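Asks: Just so you know, the sequences run in chain order A and B. Note that the working numbering has the first sequence beginning at -5, numbered continuously upward. Note that the working numbering has the second sequence beginning at -5, numbered continuously upward.
Keep in mind that the hints were calculated from the coordinates and are not lab data. Take the hints with a grain of salt, since some may be wrong.
Copies of the same chain look alike in the list, so a pair counts if it fits in one copy or across any two.
[To be verified] Pairs of lysine-lysine residues, derived as DSS-like cross-links and limited to a Cα-Cα distance of at most 27 Å, are as follows: (1) LYS411 to LYS443; (2) LYS(-3) to LYS249; (3) LYS67 to LYS15; (4) LYS284 to LYS385; (5) LYS361 to LYS64; (6) LYS385 to LYS260.
Computed from a predicted model, the values in this text were never measured in an experiment.
These are the residues of each chain, in order.
Protein chains: 2
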Amino acid sequence: MKKIVIIGGCAAGPKVAAKAKRVNPKNIIELYTQENLISYSACGLPYFIEGVVKNINQLIIRTPEDFEKKGIKIFLEHKAQKILPKEKIVIINDKEVHYDELVICTGAKPIRPNIKNYEANGVYELRKIEDGIKIKEVMHKSKKAIIIGGGYIGIELLEAFVQNGLSVEVVEANATLMRNLDCEFGDMIKNYIQDEHSQWVNFHFGEIAQEFMVDEQNNFLGVKTKSGLMLEADFCVVCIGVKPNVEILEGTGIKTGAFGGITVDKYLRTSEENIWAAGDCCETQCYLTKRPVYIALGTIANKGGRVVGINASSKEKDWETFDGVLASAITKYFGLTIATTGLTLEAAEKISSRFNLHPISATVVKKDKAGYMPDSENITLKVVADKNTGKILGAQGIGLGDVNKRINAVTSAIQSKSTVEELLHIDLPYAPPYSSTIDVLITALYRLKDQMSEN
Amino acid sequence: MKKIVIIGGCAAGPKVAAKAKRVNPKNIIELYTQENLISYSACGLPYFIEGVVKNINQLIIRTPEDFEKKGIKIFLEHKAQKILPKEKIVIINDKEVHYDELVICTGAKPIRPNIKNYEANGVYELRKIEDGIKIKEVMHKSKKAIIIGGGYIGIELLEAFVQNGLSVEVVEANATLMRNLDCEFGDMIKNYIQDEHSQWVNFHFGEIAQEFMVDEQNNFLGVKTKSGLMLEADFCVVCIGVKPNVEILEGTGIKTGAFGGITVDKYLRTSEENIWAAGDCCETQCYLTKRPVYIALGTIANKGGRVVGINASSKEKDWETFDGVLASAITKYFGLTIATTGLTLEAAEKISSRFNLHPISATVVKKDKAGYMPDSENITLKVVADKNTGKILGAQGIGLGDVNKRINAVTSAIQSKSTVEELLHIDLPYAPPYSSTIDVLITALYRLKDQMSEN
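Could you build all of it, start to finish, from the sequences and the hints given here?
Replies: Here it is in structure tokens:
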């Protein structure tokens, strides 16, 4: 029997709690969160704002009562202030709480760029439930919005705002959207949005917001960029990424990495004994290169929560490992799906000398179903491999057709350390409503094989 | 430079021709077919009958002219009668045709059960373009149909007939539909169809058709089964499977296997020198067990066609191998998708002692997307693994949601010889419109891992 104290209540924390209790029902589990609710899907907020998800309560996966019923104690609006690793104590709301095992699941917070008048009324970030509620309210009263940041959240908010009839200015420091993809994919998304919705959407690439223009009451009026561009709108959302929320570490000696996230080993132990961490407050490693990466995503938080839940409550022989991530991600802009897994060609080229890689890629544009099916759609699939070993390194896909299916197959192949040769004639299920006889993924593999046999 | 003679023009034959010409443009390629067209999608016929595909010409992938332009000679309505392997001659339309390499792509033909009055007017099989045209014509004039056989084609035709307002009697010798799946999946399909369309569809399981009832002009009136059941209808389609079309082998010494298909090695060579085979006339092997299997599917025919096209026209050092299939398959009944890859639990259990397997399975019912997305749907996924080694052996899925994506990921894992442990925390791309944070596949892997650690 152990007392396991969890700090943080969004995704990883509740998962740790539930799993640790299931593994050993005798465990005393206490979960502390600063917020007034737990276990919610932040990833669903853009769809709540858009109106696809009607009621905010749908995003709350489990209530404190659900956990209390299982014998897990939930403490809402409790701020963890300081960890004393030697004493095995964490100070919460000015009181000492003893633990046998401590789990840090403090999540992430939005990166706040250096913009003058950042605190203006009408400037929003999207991270918590209340952010979603506020943005939805202001959206319904507005005609024009500015989105700063053209990553996943930016594109999901863009869909929400366009769907609700707003005009939108998108300000992005980079030359295209989605800088985590090879640049031609960012351009394809940009071109699609411009083709479909040019009357509602304006992009401003290579522009860095410098100042929020405000009236005398500090109400937001618009954005001024470094180049002098002035954009007016009713409100603005800043979504240029998130960073680990790790203030609690101060004075603990718990190690963090280059991205500022908590460093954990494959069992998700921090550098201090009996202290674990999971979710967006942690760095993880690239499954392929074993290099540290920082990926704040609900799916990784949930998986990490499971691993810590098992490990913090069992003996070492039963521990589960978490061997890293593939930086897989997916989103959509209306009917257009964009997905990635593993290394992009750009990322593979960047690390090629250090890892002795010779990255090659094949890009195929092909129908997602038999071409004669009336709902077949073109998709573009790019698969990246190492020319020397044939090892599959990554894939990116975009299109109105079924992109996800092909990316999932590649994810599985990378996770299984597979090669072009091994996968070449992969027996993917075939029928006209689902794929062509030679699936787009197989065509890409054929082309990679051709390149591998060239000198 | 070689003269490559190909017999058969549906899927594998044209693929061999195109690839062999591309590999070495100096090759002389001649393709002979009994039919009056080549390169068509037989798999698309149910969708032509249904009306999803409007024009039969859409199912013709390439015309003889397309091939002639590439310098490939196409001989329509030419019947190959006899192969003389020693003389390297094939007799076609009573003339001797010399070859350097001969490729047999004679395909499959429907299995014809022993039913009295089989030649009655109004009894159809579905294999060729003209079959599809005839069935569509009679369907439009009819109110009631009988389908004999509840496999893939049977279910696809059932959708077509129901969509066109017909009542349908389905006669199936087995106790449920889709006998290539574990029986609970056949039952789930059956239950779905009965729930949705009980007023149009009647199933008759365990019934074997014995006689077609006819009038004096030999017109079809109905089906009489062994048990004495009498079913009346306007017409009947028999689709209980296909068998290899290998009459041409007579007297050649070319070896066939237990399923009657041509035996080929991993380079797709037959037992006679300079004679190759690809497509539905061949047996292939199970990728997992290396046992011979017979799977007549357009995707395998196309892959085999590529392999023979390369191998018949290049030196041995450049030969490609075909290492077998996973018996992957997919179909749909309106919105319901049914898919399989690798071994079912029943199949794994059958061979467990010979292959020293201890098959276990996990079946998970879960939403295909975040549960709060209004278009999320339940899917049922069953994953089969070997308890001793953790090796993933197969998966089956059914549901109104995205089943295919999960099956493709498992296909890729099996093809990569992966294990439950290796795949456990697979970083499948996650976003609310595409999956839950812990994908249904990962839940299944978690459950398999739990079973593996039990004694």
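Asks: Flag every earlier hint the structure violates by its number, smallest first.
Replies: none
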